[in-house]
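Novice: Chains as they are written, first to last, in the working numbering: chain C, 14 to 484; chain F, 2 to 66.
Calculated directly from the structure, the hints in this document are not laboratory data.
Be a bit skeptical, because a hint or two may be false.
Residues from chain C that keep clear of chain F, each with C-beta distances beyond 10 Å, as calculated [claimed, not checked]:
1. Ala18
2. Ser21
3. Leu298
4. Ala352
5. Val371
6. Val380
7. Pro398
Here are the in silico distance ranges between beta carbons for each label pair [claimed, not checked]:
8. C:Leu334 to F:Gly32: 19 to 27 Å
9. C:Asp382 to F:Gly32: 15 to 23 Å
10. F:Phe43 to C:Lys303: 48 to 56 Å
11. C:Ser287 to F:Gln36: 25 to 33 Å
12. F:Ser18 to C:Asn250: 18 to 26 Å
C-beta: ideal position from N, C-alpha, C; glycine also.
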Amino acid sequence: MKPIADWSLVETADAIASRRVSAVEVCEAILKSIKSSQPKLNAYIRIDEDSARASAKAADSVLASGQKIGPLHGVPLDHKDMFYRPGVPVTCGSAIRRNFVPNYLATVLARLDGAGATSIGALNMSEFANGPTGVNVHFGATRNPWNPEHMTGGSSSGSGTAVAGRLTYASLGSDTGGSIRLPAGICGIYGMKPTQGRVPRYGAMGLSFSLDCIGPLARTVRDCARVLKVVAGADPNDATSAEIPVDDYEADLSAGAAGVRVVVATNHYWDGMSVEVGDLLEDALACLAKLGANITRRDVPYHNELRGLGSIIIASEFCTLHDEWLRTQHDEYAPLIPARMKHGYAYTAVEYLKAVQVRPRIVKAFVDDVFGSADALFLPVLRFPVPTIADVDVRDGESMNEVLNSINHCTWPMNYLGLPGLSVPGGFTRNGLPVGFQLIGRPFAEATLLKLAAAYERETCWPDRKPPSFQ
Amino acid sequence: MKRVELIREAGVTVSASDEKKVTATVAAALGSLNQAVSGSLFDTEPQTFDIELRRLRRSADEAHR
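Chain F with its partners taken away, still in its complex shape (with noise of 0.2 Å):
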């Protein structure tokens, strides 16, 4: 199926004009989660981004100390 079909799937107009920037848009958000996405996520906590971020503020302190 076309991206664009799981958007007219919700009910949601697309026109010509939305489809050729969708498709792009959206080739393009891919491109970088695949290269973000490098091996396997199996092995992470889920969801622990805020976690990190304090984790880097302890971190951080510590170091000064």
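So here's chain C without its partners, still in its complex pose (with noise of 0.2 Å):
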């Protein structure tokens, strides 16, 4: 029988309701992992291991009593370190929030509780969910489990390491730039941005109002499927959720690939691809054709805009909210959060808001052009392998902006768009890295994307290998 630890999030939750396994010892297993990887991975910046064990016992406790359970009852859970829970401090990554502590609950947190799960700490997460690449100057660097010298992605770090490495069984992250699916990407795993407004975000660190999505990293797709249907959906404190029905994720999903049209966009995205990955993006797309996927190869538009528009609103929107800060506090974030973002106080408002005005016009045309005959677009997460971490520590020097936007140079532009984009687990280059690519769906398609993932899935297992072990 493989390790409690090895087990997907819904063998586990199927495994507890049937009381094949206790809820308890499944902390402990995972309790387990997490200490004795923590010094190599530095996945969590907080354990709590005692408030662990009690919610394990009270789940155990639950079941025993025989009252209805949810579907992630007693699954331990844990998050990028931006959720607020009353009375637990959340750091955001940062210096500056080192000692905070909420009093409200965030609606993703009130909702994954209701469906039963546990929580055993909160995961590393780049400074203010700014930054592609993984590194914390406060919190260490989180390292990639299939080699710790090499980047995790970011800014959910923690959670794609966690996942990947077996020491959550999915976990929430944000992404307003591609902080999502890069991690997922980068470490072999799943991670679904949500269209925007589609998960609520009431009780959770802003970076961007207007940009700011949240969603799960997960093993497995059904895993991704069950947490997404979990924390989606309409929500009275989020006056920016959306009010469309959530669709039942898990559902259809061996409805397998015949007839799915995808589109790879061979501009901008393939530029200066390796030759190594892009081969290996190659053999995804001959597997979905195998599958039966229409598979047809055009330029999309607005690759140019859609870094400069999504720029000034995330710059402009994050000194908005950090304004107080950058001002008094300016030496306690890491020199590269400001050094990237403070550009937003040098637009004007007529331009700040033209790059919101103009955005409906923009995803309409995009929707239209390139979802009118395709229900997929296929892109990189990476065109490279994944680099070491020392190859990316760039901090404030010079060669940031073109070592960092040639990370999230493939996520970047779909968060100005709001469509979803589930990062898919596509192989492993020569030195043992993963390979992830991107579906991109219409607004508020994310089963149509989930359903294409979940049959690549079946025919190349990737979810099945395991990273090296760090016990």
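Join the two chains, each given in its own frame, into one complex according to the hints.
Specialist: Now the structure itself:
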């Protein structure tokens, strides 16, 4: 039998519900993995052993009493340290908020609680969710479970490492320019950036209120679907959350890829593609074609505009949220953060509002053009093998923009468009590090992306491969 | 006024290294903005991005029926 930590989320939930294992046994197995790997991987900012054991014990008591249980009952899920729970410190990966204790509960945590999930601790992240590498000067870099010398991607770095490293069964991250899709693709797991508004953000740290999205990172498509279903849906506390009904994402995952129209963007996203990564992405496309997907290739519009438009909005909104601290506690940030974001002060109100006002026009033109004849857009995650931490730890040096923009080159444009994007594991380069690709869909078409990824998963079985053990 | 002066006016430190990066980033971003906003925005509804996403979802649903 596989070790408990190697079970998928769904297998674990089923095993607990059918009493083949107790929540306490699962908690102990995961705690053991976390404690032994933490010195090497640094996935956690905080580990709460006592409360983890208490909540696991409570989950077993509920089960023993015969009460109705939720779809995540007794399963430990840990998240990027930016979701608020009354009385529990939330650092946001920063020194400035090291001692912040919120007094209200994030909607996504309330929904996970309602589904029966438990928690063991809080995961590392890029400072204030800002940075695509996983380097954090305050809490140390999170390390890739496939090779700790290599970066995890960010900003949901701990989420990528913990899920891939078998330290938690799934994790919530946030994505404003690639922060779910990058660590998922770089750590060899799934990561869903949902449609803007699909998942409520009440009680989650904000970076850019126009572009932030919350979504799951998970080891299997079904795990990803289950967590998304639990956290998605309108929220009276978040006026920006969408009233669109939530699909049953686990239904029809066996539908297959036959007849699904996949368009491959041939411009921009493939510029400078490494031969090795390009070959692996072609293998993935060949696999989708073998499964019956109809693959076409074409240029897609607006790539030149999307980086700049997103940049104006993110930086302006970041500076709005951080204005007080940028003026009075500037030196408490890692130098990279203000260096990367302070251009937000340099736009006029008219320029910012033009970037906001033209957004619906551009998303409509993009969706009509690309998705008029396609169900999914295929994009890389990275265009090169996963770099080492030393390669990308640029601080605020001369190469900062070049290095960081090269990492989020393929993910950044989709946040301005607000479209759903699923990062899918797509194999490994010769050095043993993962390669991922993105499936982008129409607004609120998360179910379509999950079905296509599930067909690919059944054929390739990438989630069965396990990173080296650090225990 | 140079763009970096707007940052200083806001009371935020700007080093020589920041100045170079800000200048390059702002120039690129405004280039993108000018490319994206061709023509007038006069006849556009105010900030309807979320409405557009929902409209696109509904039109996709109708096309599937």
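Novice: Each hint should be assessed against the structure and marked as holding or not.
Specialist: Here is how each hint holds up against the structure:
no. : hint                            : verdict
1   : Ala18                           : 38 Å, holds
2   : Ser21                           : 30 Å, holds
3   : Leu298                          : 24 Å, holds
4   : Ala352                          : 6 Å, violated
5   : Val371                          : 5 Å, violated
6   : Val380                          : 5 Å, violated
7   : Pro398                          : 27 Å, holds
8   : C:Leu334 to F:Gly32: 19 to 27 Å : 26 Å, holds
9   : C:Asp382 to F:Gly32: 15 to 23 Å : 22 Å, holds
10  : F:Phe43 to C:Lys303: 48 to 56 Å : 51 Å, holds
11  : C:Ser287 to F:Gln36: 25 to 33 Å : 29 Å, holds
12  : F:Ser18 to C:Asn250: 18 to 26 Å : 41 Å, violated
Hint compliance for this structure: hints 4, 5, 6 and 12 are not met, and every other hint is.
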